[in-house]
Structures are given as C-alpha cells and as structure tokens.
Amino acid sequence: MSNLNAASLYENLQQPISQYYDKSSNLTREEYFYKLSISTTLYLGNLSIYTTEEQIFELFNRVGAGVRRLIMGRNKETGKAIGFCFIEYFNHEDAKEAHEYLDLLKLDERAIRVDWDIGYSEGREYGRGTGGNQVRDSYRKVADPERPNVQSNRGRGRSYNNNGGRRKQADDDESDNSGGGYKKRGGNRSNNNY
Amino acid sequence: MLQIQHQTPPEINRIRQLICRAGDEGADTFKKDLQKIVDVLGEYYQQNKQEVKDAMIQSFIQCAKLLPLKSGIYATILALLSTKQITQSLTDQIILGLLEHLPQIAQEETPILGQTILKFLSELMNVGLLNTVSFVECLYDLEGGAENEQSPFYLQILLTTIPHAMIKAMEKNQIEFKNIIQNVEVLMTKRKTEDRLFHLWQSIRNFLNNQEKDAHTQIFQQFLKTSYPRPYLLFPDEMTQVRQLRRGFKIPIVKRTQIWRPQQILVLNDEIRSQNNNKTDIQIEITRQWIYETIDLFKTNRQQIVFQFQLYQNCIKLSPSQEAQFRQTLIFTLLNMVIEVIPRKDQLSTAFYSGLLIHLSQRNSDNIKEWNETIEQFIDLMPQNNILIIEQLSDCLSHYFCNSNFKLNWDKFFGKYNPDETDSINNYLVIMIFRKLFLLVSVDKITDLVPKNIIDWYNQLQDITKPLDFEQISLAEKINSYLQQKLNGIEMLEQLKLITNHNPDIVIQTFLECLLQCISKSITHLNVLSKRYLSFLLQPNIIKPEKLGEIMLQTIFRMWNHSVFHLKVYLKEFLNLEVISNLQIINWLNDIIKQKSDNFKIYNVLIAINDVFRKQTKLDQVQDCTYENVKEINTILTQMIEQEQDIIIQSSLENIQLQILIAFKSTNGSQSEKLLKEIKSTQIKQIIMSF
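Taken in order, these protein sequences are the chains called A and B. Using the UniProt record's numbering, you'd call the opening residue of the first sequence number 1 and step up by one each time. Using the UniProt record's numbering, you'd call the opening residue of the second sequence number 1 and step up by one each time.
Calculated directly from the structure, the hints in this document are not laboratory data. It should be emphasised that the depicted structure is a prediction, and the values quoted were computed from it without experimental measurement. Backbone N, C-alpha and C fix where the C-beta goes; we use that ideal spot for every residue, glycine too. Just to be clear, a hint being listed does not mean it is correct.
[Claimed, not checked] In silico DSS-like pairs for lysine-lysine, Cα to Cα no more than 25 Å straight-line: (1) Lys35/A / Lys299/B; (2) Lys601/B / Lys255/B; (3) Lys255/B / Lys31/B; (4) Lys615/B / Lys80/A; (5) Lys84/B / Lys168/B; (6) Lys521/B / Lys544/B; (7) Lys192/B / Lys141/A; (8) Lys168/B / Lys255/B; (9) Lys80/A / Lys601/B; (10) Lys601/B / Lys466/B; (11) Lys486/B / Lys80/A; (12) Lys35/A / Lys618/B; (13) Lys452/B / Lys416/B; (14) Lys76/A / Lys531/B; (15) Lys76/A / Lys317/B; (16) Lys317/B / Lys345/B; (17) Lys531/B / Lys80/A; (18) Lys631/B / Lys544/B; (19) Lys76/A / Lys521/B; (20) Lys80/A / Lys466/B.
[Stated by the list, open to error] If we take Cβ atoms under 10 Å as the criterion, some of the chain A residues that face chain B in the derived model are: (21) Leu36; (22) Ile38; (23) Ile49; (24) Glu100.
[What the hints assert, rightly or not] To give a feel for the contact side, a few chain A residues facing chain B, derived at Cβ under 10 Å: (25) Ser8; (26) Thr28; (27) Glu31; (28) Ser48; (29) Glu53; (30) Asn91; (31) Glu97.
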C-alpha cells in the first residue's frame with residue numbers, strides 16, 4: 001500500500017490516542033500508551049444492557065477482516081451484561097478503522113463510545129463498581145433505564161433522554177469522577193456460564 | 001517524517017502550520033490571507049537561517065504532494081514569492097525540490113501521488129512559473145507510458161491532469177496539446193472499459209468539443225474565477241510579473257508489472273445528460289476525482305477527512321445549485337465505492353463508508369432531507385442484477401438510517417416490496433435493508449418512528465434470531481438434556497454412543513442441530529461450545545472428516561438458510577476449526593443450486609460464502625490453498641457459471657471464483673501463475689494480477 005499520509009500534516013487536529021489510563025494495569029503511562037498504539041483491542045462503552053452480542057458483532061464485523069473475538073462485560077455476581085465489551089480484531093489497522101469511523105455513532109439507539117484498550121485478560125470483563133457493575137453507574141446522577149440500576153448516589157429527577165445530542169450524551173454519561181482527569185471504565189475476574 | 005512537535009523550534013512549527021493551513025479561513029479572506037502568508041514567509045526567508053529555509057521548502061513540497069485541494073493556493077503563493085527578488089530563489093528551490101520527486105511516481109502502487117504532483121505542476125504552469133512547452137512534453141511522457149502499460153496507471157495520471165492544464169495548454173501550445181488529445185482518443189477507443197477513466201475522458205472530450213461554442217468555457221471560467229482551486233485569478237497584476245523557471249523536466253516512465261485498476265462507476269449523476277449525446281459534465285468529474293484523492297490520502301483519520309470535505313464546502317463559494325451538485329456527487333461517489341463488489345486491493349469496508357456518510361451528514365444537518373433524497377435517487381438507479389451490491393448497500397444504509405434519527409422515506413423504501421413477486425430482487429433489497437436495520441436497533445425501541453404496516457410485515461418474516469426446527473424432535477430433546485448438563489467432549493461422545501435406536505448419521509446430525517441451536521444464543525456460546533464439542537468430533541474413528549463437514553453444512557443450511565448473519569458466522573467459525581473446507585463449501589453450494597432451493601435462500605448462502613472467502617484472503621489465512629484444491633474449486637465454479645441461467649446467481653459465482661483465485665495468488669504466487677494460464681477471461685486475469 002502507498003505510504004502517503006496526508007493526515008500527518010494536520011498534527012494539531014490529532015486527538016490523543018485515548019483519554020483513559022487504567023491505573024490498575026500496572027503499566028507506566030508511557031508503556032500503557034505504547035500498548036494502545038499497537039493494540040488490536042477496542043473497548044466499547046455506553047452500551048445498553050439489552051444490546052445483544054449479535055448486534056455488536058453485526059456492526060463491528062463489517063470492518064476489515066472481521067472481529068476476532070468479542071468479550072461482553074458482565075456483572076461478576078449476576079453474570080448479566082453491564083453495558084460494555086471488548087472487541088478484538090486481527091490487526092491494528094482494522095481496529096483503527098473501527099475506532100475512527102464507528103466512535104460515537106449509534107447502535108441500538110445509543111451513542112457508543114469506542115476507545116482503545118491494551119488487550120483483554122481474564123477478569124477484565126467484570127465491573128469494578130458497586131454490586132459488580134461499572135464504576136460510572138455507581139456515580140450516575142440521573143437514572144438510565146438502559147444501564148444497571150444502582151441505588152447509591154442517584155439523581156435529581158431529570159428524566160433521561162436517549163435520543164438527542166450524541167456527543168453531549170456520551171460525555172454526560174461518562175462525566176464521572178476519577179482523579180487526575182481520567183475517566184473510569186470497567187472490570188475484574190472469571191466465570192463459566194456455558 | 002515530521003518531527004515531534006515539542007522538539008521543533010517554534011518558528012519552524014509556525015512556518016509549517018502557516019503553509020499547511022493556507023486558505024483554511026475561507027474564500028472571503030483569501031486575498032488578504034495569501035498576501036499575509038507571502039509577507040511572513042518573505043520575512044522568515046530574509047533571516048537567512050538554513051533550517052528555516054529547509055523547513056519552508058520541505059513543507060511546501062509535502063503539502064503540494066498531499067493536499068490536492070490546495071494546488072492552486074500553493075502555486076499562487078509561489079508565484080507571488082517569485083515576484084519579489086528576495087524570495088525568487090526560494091521559489092526555484094521548491095520547484096526543483098518537487099521535480100526530484102518525479103521518479104517516485106512510478107514506484108507507488110496507485111497513481112495518487114502522480115496525480116497530485118502533476119496537478120500542482122499544471123497550476124505552476126497556469127501561474128507562469130513553469131514553461132508550457134516543458135509541461136506539454138511531460139504529458140507526452142505520460143502518454144508514452146500509457147501506451148506501453150497493461151494497466152491504466154499513467155493514463156489515469158494523464159487524464160486527471162488534463163482538466164487543470166488544458167485551458168493554458170490550448171492557449172499557449174495548441175498544436176502539441178491537440179496532438180496529445182488525439183493520441184489519448186486512440187488509447188481510450190482501444191480500452192473499451194467503462195470506469196471512472198471512461199467518464200473522465202468523456203467529460204474532457206465534450207468540454208473540448210464544445211469550446212468553440214464557448215458556452216462550456218464560459219461556465220468553466222466562471223467556476224474557476226470564484227473557486228478555491230485557482231486564487232491566482234485574484235492577483236492579475238502580480239501574475240504578469242511572475243518569473244518563469246527556465247527548466248525542462250521529464251517524468252521517468254518505468255515499466256510496471258503490477259496492474260492498477262480504476263474504480264467502476266455503476267451509477268452516474270450527470271445533470272447535463274442527454275440520451276443521444278451522453279454529455280458528461282466536467283465539473284462533476286473534477287469533483288469526483290478530488291473525492292477519490294481525498295479519501296485515499298486521508299482515510300486513516302476520520303476527523304481530517306471530514307475536515308477536508310468541510311474545507312471544500314466552506315472555501316468554494318458555491319451557488320445553491322452547485323452546492324446541490326456537490327452534495328449529489330459526494331453521495332453518489334461514496335455509494336458507488338460501496339457497491340463496487342468486484343474485489344479491489346484498496347477496498348475499504350462498508351463501516352468506513354457508512355461512518356463517513358454519517359459524520360458528513362451530521363455536519364450538514366440543515367440539508368438532511370436533501371441528503372436522504374439523494375440516497376433514494378441512488379438506490380432507484382442501482383443495478384438490479386447483483387445481490388452482493390444489495391448486501392454492501394444494505395450494510396451501509398442500515399447503519400446510516402440508525403444514525404439519522406430514522407428520517408427516511410419509509411413508504412418509498414417499503415414500496416419497492418411486492419408481495420406478489422416472491423423472488424424479485426427488489427423484495428430481496430427491502431428484506432435485507434430492514435433485516436440489517438432491525439438487527440442494529442431493536443424494533444421495540446423505535447415503534448413510534450416506524451410505520452405500523454412495516455412492523456407488522458417484518459414480524460411475519462422468519463425470525464433471523466431463531467433457527468428452524470429439529471427434524472428428530474424426541475432425539476433432540478435427549479441430546480439437549482446432555483448439553484444442559486455441560487458434559488465435556490468425551491462424556492458427550494459416550495452418551496451419543498449409547499443411542500442405538502437411531503442411525504449414527506442421524507445421531508450426529510441431530511447432535512449438530514442441537515449444538516447449532518445452543519450456540520445461536522450468543523457469540524460467546526458459539527466460541528465456547530464449538531471448541532468444546534467439535535474438536536472431539538474431529539478425532540479419528542468417530543466420524544470421517546468429510547462426512548462431518550457435509551453433515552455440518554447441510555445442517556447449517558437447513559436451520560439457518562433465512563439468516564445471512566448466522567450463515568456467515570458459522571461458516572467462518574467452522575472453517576477456522578477445520579470442520580469444513582473451502583472445497584466442501586463449493587460442493588455444498590453446487591448441491592443447493594441444483595436442488596433449485598428458494599432463490600432467496602441461495603442468495604443468502606452466496607453472500608455468506610463471498611464474505612467468508614474475502615475475509616480469509618484479507619488475513620492470508622486461506623484454508624488448504626493447494627494447487628490441486630484450488631484447481632478443483634475453480635473447475636467446479638467454472639462449470640456452475642457456464643450452466644447457470646440466472647444472471648444474479650451467475651455474477652455472485654463469478655465473484656466467489658475471483659475471491660478464491662485471489663486468495664490462491666496471495667498464498668501461493670508461483671503456483672497461481674500456472675492456474676492463471678488456464679483461465680480464458682482477460683478481465684479475470686487482470687483483476688487477479690492487480691493484487
């Protein structure tokens with residue numbers, strides 16, 4: 001393939017590869033972001049707990065040589081989906097294409113967040129938050145009928161609007177706490193329900 | 001490679017940004033902005049620092065090579081710099097530096113670099129920096145290359161250059177230029193291929209033929225005057241002072257072995273098309289070529305590709321009708337690329353196109369109604385003889401509709417469905433679009449957005465999330481109970497051996513049916529259960545592998561013939577596990593067609609096989625790609641194609657044949673040459689050799 005890369009001319013338009021740094025990865029930031037730069041794994045967030053694997057697979061399998069593996073995020077206690085997953089491609093280029101062209105677009109009527117991930121390892125599919133869900137659901141200020149129903153730290157009575165303002169919606173959903181300006185994501189440990 | 005930003009001195013960063021961002025503020029402030037850039041660059045050049053001079057030269061060359069939209073801008077800046085004594089040598093060095101890149105053109109896989117450099121050189125000629133005679137000489141070089149080459153690589157560069165050079169060339173060097181046009185006419189007549197080159201040539205020829213009548217020239221000049229590409233028209237006085245670089249140059253033509261194929265254009269969007277004359281608007285063709293270039297150059301970064309398209313719209317002062325034409329050309333070009341199903345090496349996925357279409361439409365949200373109408377126009381004109389086109393298009397549109405708040409004309413799409421024509425291609429199109437749409441979004445969530453008659457119709461279709469029923473119900477119940485106990489492979493085998501009141505083949509078949517039902521619960525079930533059970537079935541003395549493969553394929557077809565999704569997923573999984581082989585798949589397909597199964601079921605299988613073969617090739621993981629196997633597959637497919645009366649099935653079989661031959665070439669180049677010699681069709685050979 002041609003090595004021409006016009007995109008590099010507009011460096012100032014480049015976003016950082018990811019806004020998220022997983023402190024529990026036991027990697028330094030340099031190591032972490034290097035792994036992301038060669039990763040073949042994506043993290044999908046803000047999924048509805050009712051979105052099926054087939055729906056995710058149908059969309060993301062359209063990229064390149066297709067999906068190598070799909071690992072749904074689950075509640076360790078209940079085994080139920082908690083609204084995120086990992087998608088592994090066969091090569092970095094396919095993962096990049098999915099990241100570039102599917103991020104913040106709708107699947108099952110929700111704007112999904114597609115972010116780079118350092119790679120799946122056993123246990124990372126479990127939520128690290130209250131009751132085995134994702135941390136961000138513990139800090140949710142407004143109720144979301146498509147996300148795990150977590151009792152603690154709930155809201156001010158604003159009704160949740162699933163339809164409008166994709167980027168704003170995704171940002172609002174992801175706008176929780178975590179120190180150091182990095183956003184929290186997901187999970188821990190293993191199960192066999194099959 | 002550009003240096004990491006924080007290590008680069010600020011003035012060099014500033015120069016780089018200044019050159020790269022030239023013209024980005026918009027057409028209203030062009031003149032002022034370009035003048036300012038010239039002044040600032042002049043000041044920096046006067047400081048006489050070598051690294052600053054080098055940065056200027058390198059930045060100009062990089063941008064000239066990679067930003068085709070701005071060729072005119074950079075030519076204008078260089079022309080203005082050449083009118084000042086202090087910066088004349090800078091202009092010379094930049095041009096000479098760029099000419100050193102000419103040999104690189106032949107080394108590239110695609111003509112894109114050649115196109116962009118030649119476009120820039122033509123603009124340098126237009127501003128008077130390059131001699132017309134030298135420029136026309138290099139067109140002769142390209143024409144010579146085009147004559148002697150099997151693929152239209154040099155022809156593409158030549159044809160895409162002509163629209164930008166022709167007015168000046170006709171003015172200053174008419175005889176030689178007309179000679180080139182006549183030679184190109186001969187080349188194009190010999191070609192006989194209707195693709196993007198053909199349409200581009202038609203538009204050039206029509207423009208030149210109409211020039212005497214002056215109407216087209218005037219329109220074109222008008223377009224140039226207000227347009228982003230040629231801002232030197234804003235500096236008429238300065239352009240008379242441009243100092244020409246007296247230097248000839250040649251394009252080294254190297255004999256290339258690799259074939260390059262231009263894109264097909266299956267659906268045209270010419271405003272000025274008449275049935276008799278086939279007039280093709282050159283403005284559309286120039287825009288179309290620019291869209292191809294931009295996608296090729298910026299495809300790795302969505303933000304920037306969208307930025308480039310926005311730049312085009314912001315900086316060219318388009319009238320409402322020009323805006324509508326640009327929008328139509330953009331949508332038609334993208335969708336034409338989606339439906340180009342004949343394999344290409346540089347093929348992008350439907351997710352790329354749907355994602356790009358969505359992001360572009362979101363930035364044009366005021367015109368979303370017009371966007372959707374244009375998409376509908378495209379579908380109305382789409383070829384009606386290829387189910388792979390339907391598959392690609394339904395992938396793209398289902399995703400697009402999910403992201404456009406479902407503001408589609410439901411009645412228009414659903415109106416294509418005719419319940420009295422069970423096998424019609426339009427019915428298949430409607431079913432595919434809605435199936436994929438309602439797979440990406442649960443119908444329950446959008447009941448207020450979808451007309452009730454469509455939901456009722458959809459609910460009557462076979463549910464693609466559920467397999468069809470078992471044949472041996474009581475046996476299936478028994479086997480299901482074993483599956484629920486989560487027995488491992490050996491334990492399961494022991495249990496199956498105890499079932500003596502049924503033929504062993506029936507037991508295996510029913511077991512596979514039960515397994516297929518279990519694995520259909522989720523992708524995770526598929527991964528876990530298929531590895532758990534299928535690996536033990538492959539062991540010697542249990543069942544012959546060929547037999548297992550046959551039963552597996554028959555079972556998949558029986559239970560999932562209504563769902564392309566499941567066919568694709570299972571074929572891929574079982575190929576990876578080596579439960580089935582490519583040869584078995586082709587034999588299975590042959591049987592299905594011979595049995596005269598329902599057409600839509602055959603289409604589903606064809607689509608699934610094409611997809612699976614294509615993905616195998618992308619990964620270089622083609623199963624059992626030996627000469628003997630591929631030869632046998634090729635022979636079977638050739639016979640099927642020759643015997644097939646239905647052109648829809650035939651075209652899909654041809655595609656599948658291409659996929660397997662391409663896969664063979666990628667994995668076993670030397671042996672594939674042997675097989676290629678036996679293939680009669682030149683077109684097929686060319687397609688394979690382009691990989």
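Proposed interface contact between Thr28/A and chain B, which counts if any beta carbon pair is under 10 Å: 19 Å, violated
Hint status (Cβ of Ile38/A to nearest Cβ of chain B, threshold 10 Å): At about 15 Å, which exceeds the 10 Å cut-off, the nearest Cβ of chain B leaves the hint on Ile38/A violated.
Given pair status - Lys416/B, Lys452/B, alpha carbons within 25 Å: Within the cut-off at roughly 17 Å; holds.
Interface hint compliance - Ile49/A to chain B, C-beta minimum distance less than 10 Å: Since the shortest Cβ distance to chain B is 12 Å, the answer is violated.
Straight-line alpha-carbon gap Lys35/A to Lys299/B, limit 25 Å: Distance of about 23 Å is within 25 Å: holds.
Restraint outcome when Ser48/A is required to lie within 10 Å of chain B by C-beta distance: With a minimum Cβ separation of about 9 Å from chain B (threshold 10 Å), the hint on Ser48/A holds.
Agreement of Lys531/B and Lys80/A with the hint, judged by alpha carbon distance not exceeding 25 Å: Holds: Lys531/B and Lys80/A sit about 23 Å apart, inside 25 Å.
Hint consistency between Lys486/B and Lys80/A [alpha-carbon to alpha-carbon, up to 25 Å]: 20 Å, holds
Holds or violated: Lys76/A to Lys521/B, with C-alpha atoms at most 25 Å apart: 20 Å, holds
Chain B contact restraint on Ser8/A - CB to CB distance below 10 Å: Nearest chain B Cβ about 6 Å off; hint holds.
Pair hint outcome, Lys615/B versus Lys80/A [Cα-Cα no greater than 25 Å]: With Cα atoms ~32 Å apart, Lys615/B and Lys80/A exceed 25 Å; violated.
Given hint Lys255/B paired with Lys601/B - CA-CA distance at most 25 Å: Not OK: Lys601/B and Lys255/B at ~47 Å, beyond 25 Å, violated.
Going down the numbered hints, you'll see the structure goes against 2, 3, 4, 6, 7, 8, 9, 15, 16, 21, 22, 23, 26 and 27, while the others check out.
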